[in-house]
Every structure is written in C-alpha cells, then in structure tokens.
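Trainee: Protein chains in written order, with the working numbering: chain A, 1 to 589; chain B, 1 to 309.
One thing to keep in mind: the hints can contain errors.
What the hints assert, rightly or not - Pulled a few chain B residues facing chain A out of the computed Cβ check, cut under 8 Å: (1) Asp-92; (2) Thr-174; (3) Thr-181; (4) Leu-182; (5) Gly-184; (6) Val-185; (7) Val-189; (8) Ser-222; (9) Val-225; (10) Ala-226; (11) Ile-230; (12) Asp-231; (13) Phe-233; (14) Asn-235; (15) Arg-236.
It should be emphasised that the hints constitute simulated quantities derived from the structure, not laboratory data.
Note that the Cβ used here is the ideal one computed from N, Cα and C, for glycine as well.
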Amino acid sequence: MRRVLPLMVLLSCDPVVEPDGGADTSAEPWRPTVVCPGDQGCDSADGPLEVGAAAVVITPTCYERFYDCGEDGVCPDDEGWVEADSGEGDAEWDKQTEAFEDCGCDRLCEGDEGYPGPDEGEANGEFDAIWIAGFQTGRPVNTVHDDLWARTIAFQQGTTTVAIVSLDVFGYFFDDVQEVRAMVDEAGIPVDHVIISSTHNHEGPDTLGQYGLQIGKRGVNDPWMAEVKQHIVNSVAEAVAALQPAEMFAVEVDISKAVPEKGTRNFINDKRDPRIVDEMMGVAWFRAAGGGETIATLVSFGNHPEALAHINNAITSDFAHYLRETMEQGVDWESGPVEGLGGMSMYLQASVGGMMTPLGVEVTNIDGDVYSAATFEKAEAIGQSLGTLALRELSAASPVDEPNLRLLAAEMYLPIDNHSFQAMFLMGVFEREAYNYDKTANLTDQNVPELLTEMDLLDIGPVRMLSVPGELLPELAIGGYDGSHTNIGDYTDPIVDLEKEYPADLSLAPEGPYLKDQMARPFNWIIGLGNDELGYIIPEYNFVISERVPFIEEAGGDHYEETNSLGPRTAPLVQEWAEKLIGYAAESQ
Amino acid sequence: MRTLMLMSLALASGCGDDKAEDTASDAATDADGDADGGSDGGGTFEDFISVTDEPTGDLTCFSGSLVTEQPAAGCVAQRSMYGEVLDFQEDDPVDEATVEFFFEDGIFGPADTTVTTDANGMFNVEINTCDPYTYRITTDPVLDATKTTIESHDVVPNQGVVNPSHELQSVSSTTYALIPTLLGVSPKVDKGIVAGRAYDCAGNNLQGLQVMIEDASGSIPSDVVAKYFIDDFPNRNQAYTSEDGLWILMDVPVGDWVVKGYVADGLGGHTLVARTELKVLADSINISSIYAGIEDGVKMPPECLTPCN
Numbered sequence: 001m002r003r004v005l006p007l008m009v010l011l012s013c014d015p016v017v018e019p020d021g022g023a024d025t026s027a028e029p030w031r032p033t034v035v036c037p038g039d040q041g042c043d044s045a046d047g048p049l050e051v052g053a054a055a056v057v058i059t060p061t062c063y064e065r066f067y068d069c070g071e072d073g074v075c076p077d078d079e080g081w082v083e084a085d086s087g088e089g090d091a092e093w094d095k096q097t098e099a100f101e102d103c104g105c106d107r108l109c110e111g112d113e114g115y116p117g118p119d120e121g122e123a124n125g126e127f128d129a130i131w132i133a134g135f136q137t138g139r140p141v142n143t144v145h146d147d148l149w150a151r152t153i154a155f156q157q158g159t160t161t162v163a164i165v166s167l168d169v170f171g172y173f174f175d176d177v178q179e180v181r182a183m184v185d186e187a188g189i190p191v192d193h194v195i196i197s198s199t200h201n202h203e204g205p206d207t208l209g210q211y212g213l214q215i216g217k218r219g220v221n222d223p224w225m226a227e228v229k230q231h232i233v234n235s236v237a238e239a240v241a242a243l244q245p246a247e248m249f250a251v252e253v254d255i256s257k258a259v260p261e262k263g264t265r266n267f268i269n270d271k272r273d274p275r276i277v278d279e280m281m282g283v284a285w286f287r288a289a290g291g292g293e294t295i296a297t298l299v300s301f302g303n304h305p306e307a308l309a310h311i312n313n314a315i316t317s318d319f320a321h322y323l324r325e326t327m328e329q330g331v332d333w334e335s336g337p338v339e340g341l342g343g344m345s346m347y348l349q350a351s352v353g354g355m356m357t358p359l360g361v362e363v364t365n366i367d368g369d370v371y372s373a374a375t376f377e378k379a380e381a382i383g384q385s386l387g388t389l390a391l392r393e394l395s396a397a398s399p400v401d402e403p404n405l406r407l408l409a410a411e412m413y414l415p416i417d418n419h420s421f422q423a424m425f426l427m428g429v430f431e432r433e434a435y436n437y438d439k440t441a442n443l444t445d446q447n448v449p450e451l452l453t454e455m456d457l458l459d460i461g462p463v464r465m466l467s468v469p470g471e472l473l474p475e476l477a478i479g480g481y482d483g484s485h486t487n488i489g490d491y492t493d494p495i496v497d498l499e500k501e502y503p504a505d506l507s508l509a510p511e512g513p514y515l516k517d518q519m520a521r522p523f524n525w526i527i528g529l530g531n532d533e534l535g536y537i538i539p540e541y542n543f544v545i546s547e548r549v550p551f552i553e554e555a556g557g558d559h560y561e562e563t564n565s566l567g568p569r570t571a572p573l574v575q576e577w578a579e580k581l582i583g584y585a586a587e588s589q
Numbered sequence: 001m002r003t004l005m006l007m008s009l010a011l012a013s014g015c016g017d018d019k020a021e022d023t024a025s026d027a028a029t030d031a032d033g034d035a036d037g038g039s040d041g042g043g044t045f046e047d048f049i050s051v052t053d054e055p056t057g058d059l060t061c062f063s064g065s066l067v068t069e070q071p072a073a074g075c076v077a078q079r080s081m082y083g084e085v086l087d088f089q090e091d092d093p094v095d096e097a098t099v100e101f102f103f104e105d106g107i108f109g110p111a112d113t114t115v116t117t118d119a120n121g122m123f124n125v126e127i128n129t130c131d132p133y134t135y136r137i138t139t140d141p142v143l144d145a146t147k148t149t150i151e152s153h154d155v156v157p158n159q160g161v162v163n164p165s166h167e168l169q170s171v172s173s174t175t176y177a178l179i180p181t182l183l184g185v186s187p188k189v190d191k192g193i194v195a196g197r198a199y200d201c202a203g204n205n206l207q208g209l210q211v212m213i214e215d216a217s218g219s220i221p222s223d224v225v226a227k228y229f230i231d232d233f234p235n236r237n238q239a240y241t242s243e244d245g246l247w248i249l250m251d252v253p254v255g256d257w258v259v260k261g262y263v264a265d266g267l268g269g270h271t272l273v274a275r276t277e278l279k280v281l282a283d284s285i286n287i288s289s290i291y292a293g294i295e296d297g298v299k300m301p302p303e304c305l306t307p308c309n
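Only chain A is shown next, with the shape it has when bound in the complex (with noise of 0.2 Å):
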C-alpha cells in the first residue's frame, strides 16, 4: 500500500481512505481483509471438501434491432440493392442513415405475428440498443447466438464456504461485485466470500461504460445490469445449495503441443512483443464422492474471447460456450468421439493481456480441419479443441487426496494514471467511486483518484488460484523472458522484434521469481478479471506512453494496451499485493 504523507491529507478535501488491512500503520502484522478459516463465521475447514455448481442465463431480453445497411440504408434483401455500401455491413449502427426497428423489447411491432401489443420502448423513436462491449463503440446487439451465464461453483470445508462465479461478460467492476456480496449476504446465502470473475467476452453487451453509441457515451444498459445482479446472487444460492461431498481431479494441459508446428500459436496470436504465452491451461474436476455424477469441471486459460472479433452483432459468449459445451456434453470428431463428463463446466479467464487473442489464428481443430475467418465456426473449433485435450488428461488423473479449503481476500487502492480512463470517470461514463483525491480540484498528476479493488488467494487442494483486477501479462505470472514461454511451433517471430518502435528491452525486465513460482503450488492459477476489470495489468519495465498525448495516443511499436491500463503504477502494486497474499498463506500454513 502506499504511503500517504500527512501533508496531503491536510491538503485534500476527502480524506485519504486506507482499505481495511492497509498500510503497515501500526506494529500490527499485515492481515488479509478476509482470512478463511480463520475469520468469524469461517472459522474452520474441516472435513469433507464439498462442491456445488449452478448456471443461470444473463442473457438479456429487452433490446431493439437495427439495419446495417450503410449510407445508402438498403440492404442485399431490399430492392435496389446492388452491392454493399459504405458502412453496410460494419456491424455498427449509423444514426443518420441506418433504420432501427422501434419495436421495444419484445421487438415485435404491430402487424407482426404474435404481437402482444405496444410494450417498454416501442415508438418511442429513440433506438433502445443493448451495445456490444470490445472493439469500437455503436455496434448494437441485433439476436442472440447463445445464451450469456453467471456459473457458479460453490465450495465448502467446515464452516469455511466460498463462491467462484463466472460471468460471460467484458468486465464486472470491484463495485458491482460489492453490490452483489451484500445482496447475497441480504439473502441469508451462507457463504463467506464471493469471487467474480468475468470471461472478458468481446461478443455480449457493455458492462462497464466505454461501448456506448459513440466515444464518451455510457453504453451500460442499466436494467439489464440489475438483472445480471440478481442472476449471480441466484446462481450462487443454487450452487451453495447443491453442496455435496465431493472428490476432486486436478491437471494440467500444454496447449501448445496439441498442434506442434504451431506451437501456442494454434489458439493465442500474442499480438504484443515481447512474444511470451502461458500454454498451461489448468483444469480441474468435482464429481460426487464416491465416484458419482459430476458436479462441475472448471477450465483456467488466458484468450480473449473474441474469435468473431467486431464484425458480429449475435451475443455470444465465443469460445467458451464450445469449451463449456465440450466439457460437458463431449464431442463427437470424425476421429473418434470425446466422451463429456456432464455437470456445469466453467471457464475461468487467466492471464489474457497483451495480447493474448484468436484474432489472427488459424486455428487447426482435432480433426485437422483449419479455421481462419471470424466465424463460429472458429469459436467452436478453438473451443471443442481445448475441452477435447482437457478431456483428455482428466482420464488420466487421480483424485486429490483430501483437497483443503483456504481464501484470502485483500482490498487495495490502485491510482487511476491514465488521462482517458479519468476522463470517462468525469463524464460519468465510468460509474463507481473513486477515492483519495481532491474531488472539488481539477485533476493533475498530483491529485490522482484512486480506485478500490481487492486481490483473493484462494486454494483448493493442490490449485491455487490468485485473483488479479483486470488483464495480467502474462510474464508478469510466468516471466519467459529468455523464450522458454515463447512456443510458437514453426513460426519464426523473434520475442523482441528490434524494427519496431520502442521495443521492450528484456535486459530491463524482472527477474524471477514470478507469481506462479511463488505461489508455489502444485497447479497455479490466474483469475484473470477477478471482482474487477482495470484494464491491461503491463510491467513496468516496458510501459510505454505517447509523450505527444499520453494515454490516449498509442506509442509506437506494440504499446497499444498501455491506453487501456490503469497505468504504470499498477503492475508493481498488483505484484506487492500478490506477495503479501502469498507471503501471509505461507506464514499461517
């Protein structure tokens, strides 16, 4: 934590706010904000380890159409249409010339069949979108591929209960997760800490603000985000009351030798030198004890879940709706069928910065067939392809010998560096409070606001998993800065391309050891986005900034991610927090 000079809080209007198990103030050793077993209510973690799994549908209902029929507004179906014009076909909605269907929620409007009547939004001549997050802004959700989820798995040891869920969405901001912990503790649900995590899913509706119709326009729609509250908190009271004793198999998988001569490559285009990819995608498995039904398979791996990349106006939740499809239902390949095993399958996002994508990729699933193009059918084969090779090592594996429970949870404050990121705060397109500043100054890099978020250890057996707020690099978790994390098969691209502007000078890079060696566990994980999404997660060694207009600018070479970061402060304090989580489990094993 930072240290606050008592200077500056005479000088600030707010006072400066420390989270609770701060800064070292007193002689007090460090203490998590949340120790389980340990703390009241949690006390212990005897026993059985039982595990509940649940999965509710987010998916929103309440959203208007449009016609991507560019400046010409007729589209391949309409008479006249010769060949697409400008803007036809970009998946954006163009206000002056693209019609909406002013229809309301039901989209349903007079004439057509089974229409109900005039509901919420119809005729109302405003376009009520729903607007997709990730790439640009103004790109409206027209229907629904699959559906969204808020998947939950709950695990209990004693008196100790703890929930991970899932969220098919961008980004879920440490606020909205605050919210949800007090609906569920309003609730009566006893569990003692709730962990989000969100997929970081570039296909389905904008959760944090930035994708509205246009650049400083909050693209929330506020309805539905009550409902995905409502949704989570149900979710985590089904799962909570599904616990069952439970056994559980825990593996590992080398995504990178699936395909050897292409190496990470077949699913991740790490688009951001230096060229380092955590090919390790952990999985683990709860059945019933006693060799009973599953209850739920749970898959850690960093990708951006963005194979149907910008041109794509159907939510869905890309290729983790295959991987999870996979997990539980199996596939059926011209090459033999994968046996599913059933259950909730859960995808947890990893180290998925920069920049970890399908863009790019020409992916070759386990038949050998080759995707390139953004298409599901890309989506499915990254997806089906990953739960297949993770199918595959559980076969193998053996029950954890009496896997223990243990979380850890710590509040922090980050500084908001980035002038774009404060701008959206000013303009009220970012909703959540910000602390630690002069609210009644104009903003200089002396009054900085700062954001709450919180970091959580949490172990299960031999996984241990560390929640980070937004999109670690993935050095920053495995290091590989000598090429031992850059398998790329036959391709030939260097870690550092030296041509390019500003490349990273991996002689200015950490050393080791790096968050999965200090974690030190049998299987090491990053809830990538966990109870909080601040953007790219970049070591400070290599944080680049336009000096021309910084943050907003890109420098130049590959440096794109530093204008979607907190700032360069945000690594080493994710690091120091990191350390402190481990440090303080090491020390009260």
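Following the hints, put chain B in place on chain A, whose structure we already have.
Mentor: Chain B alone, transformed into the frame defined by chain A:
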C-alpha cells in the same frame, strides 16, 4: 479490453475563420442573454501568463499597439448565404438545428434572424458580407445531443455577385465534455468554455502565446483554467499555444469578458499581441479566435480589405 483511439479533436478547424463550435445553455442569463458576470478578482496575471519561450510566427504587423479593421468601401453588401451546420467532430450535418444570428456581433437581446436547418443541415439566410456577427446554434435540449455553440466576430467575405456559402459547426455534448475532462477538468454547468485559435500576421497559427481573461475593469477571475493543445488534441502539459495555435479557457463565469493573448518579450516580460471581447453563456462553448495586432477579435477576410465592386 480494446477500444478505438479517441477521435482526433480537430478543434483547430472549428475555430477562427469560417467555423464555429460548441454549445451552451442560457442558464444564469437574463432575457437578453446578459449576465451580471464580472470577476471575483481572485485571479492574477501570473496565474495565466508565464511563458518565457519566444513565439514562433509572423508578428511584423504588430507595432506595439492593437488596431481594429474596417471593411473597405462597398464590401458590406447584403447577400443570400447558403449555410450548413456540421457536427464539429463527426462532420455530419446537424438537422433541425436552430441558428440565431446577432448582427450587432454580440448577444444583445433577441436574435435578428433565426433559421432552422433542414434534414441535410442546410439553411439559407440574408446576411451582410464583411460585417461581423455572432451566431448561436442550439438543438432540442431533450435530445442532449449538442451544446449551445456560439461564435463571435464571424465575418463572411464579399465574393462579388456570388452568394457566399459558409459552414458553421455545432459541438456535441460528448465533445464538450471530453475536451475538458481529458485535461482533468470537470466542466461546471453554471460556467462556460471559451476557445479559439491564435493567428499571426500572416494568418498562420501563432505558437508560444498564452491567454488570460479579465472583465472590463481589468479584474481577473479565479478558478478559470487555461489549457493548450498539441496537434489539435488537448494536452495537459502544454503551457502555451503549440503549432496548432489552439487554446481553451474552462470554467469561465457567465458574463462579458476580454481575452488577451501574450507572448514573451525576450526581456523577461510579456507583450500583449492580441485581444478579443465576448459574452460567455453558461454550459456553452464560446468561440472567439485572436489575431496578432487586432484589438477586438474581428479579422476581416482579405476580400473585405480592398474596395469591392
């Protein structure tokens, strides 16, 4: 996370010559658009003017005192002007915009003429060439699409018998909010924004100028923030006009103000090289560029400085 680069805020092209920008509402003004205004006197010259780098630009027309320009004989002539209102950022036509013209070159009472743009952002108005005027552009406040945009001292050139065409610009609510917030300032709804460009004697952008604001009595308000741009983009660290000549004053109280432009004199002091006067309305953007050697912000186009047929 992935998003497109924030747009290039080409404020440059919107300020000065034949373009306008931004917006405001008339909160805190009386029926005439006037406000008591005035400075609280809490500001100082040094709050605004500190540049030591010498200016870059042609200042040969500046002899030490500021002047006003008058149109040459025959240049003030009534013409039917075809106008178009464009969104400052997107360059899209702004339909159903209300454009008010104040031929006294200030918002003194009701507008002399009011027109409404058609679906293509077009309008037609009878106007005097080479005669400075002020215009104000508004759209339906319910839509919250634009802010009131006011430009003072606009001048339409005399092109002989040809009816002039002219582009006016309207600033969206988003752009209005984005510029100050990128500079770390949350714009206050009871105050306004003043922005413009600094020009040298050759009509090029004047680099190395700082602006300050005072009322008619010379009293300087506190809390007004002056900022500058680089390559048409607001920049927190730029201390004076860069090559783009752009400047902005934020959180300006409602009322009548004088904007002064200073450059370093090379002797440790500063020289006043340009000046303009304007009325500021609340929650609006008020455009008035400044020109080297010019006293009142009225810069006649070259076509207005030689006798017209």
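Trainee: Now look at each hint and say whether the structure bears it out.
Mentor: Hint-by-hint comparison with the structure:
{"no.": "1", "hint": "Asp-92", "in the structure": "6 Å, holds"}
{"no.": "2", "hint": "Thr-174", "in the structure": "4 Å, holds"}
{"no.": "3", "hint": "Thr-181", "in the structure": "4 Å, holds"}
{"no.": "4", "hint": "Leu-182", "in the structure": "5 Å, holds"}
{"no.": "5", "hint": "Gly-184", "in the structure": "3 Å, holds"}
{"no.": "6", "hint": "Val-185", "in the structure": "5 Å, holds"}
{"no.": "7", "hint": "Val-189", "in the structure": "13 Å, violated"}
{"no.": "8", "hint": "Ser-222", "in the structure": "13 Å, violated"}
{"no.": "9", "hint": "Val-225", "in the structure": "6 Å, holds"}
{"no.": "10", "hint": "Ala-226", "in the structure": "12 Å, violated"}
{"no.": "11", "hint": "Ile-230", "in the structure": "6 Å, holds"}
{"no.": "12", "hint": "Asp-231", "in the structure": "6 Å, holds"}
{"no.": "13", "hint": "Phe-233", "in the structure": "5 Å, holds"}
{"no.": "14", "hint": "Asn-235", "in the structure": "6 Å, holds"}
{"no.": "15", "hint": "Arg-236", "in the structure": "7 Å, holds"}
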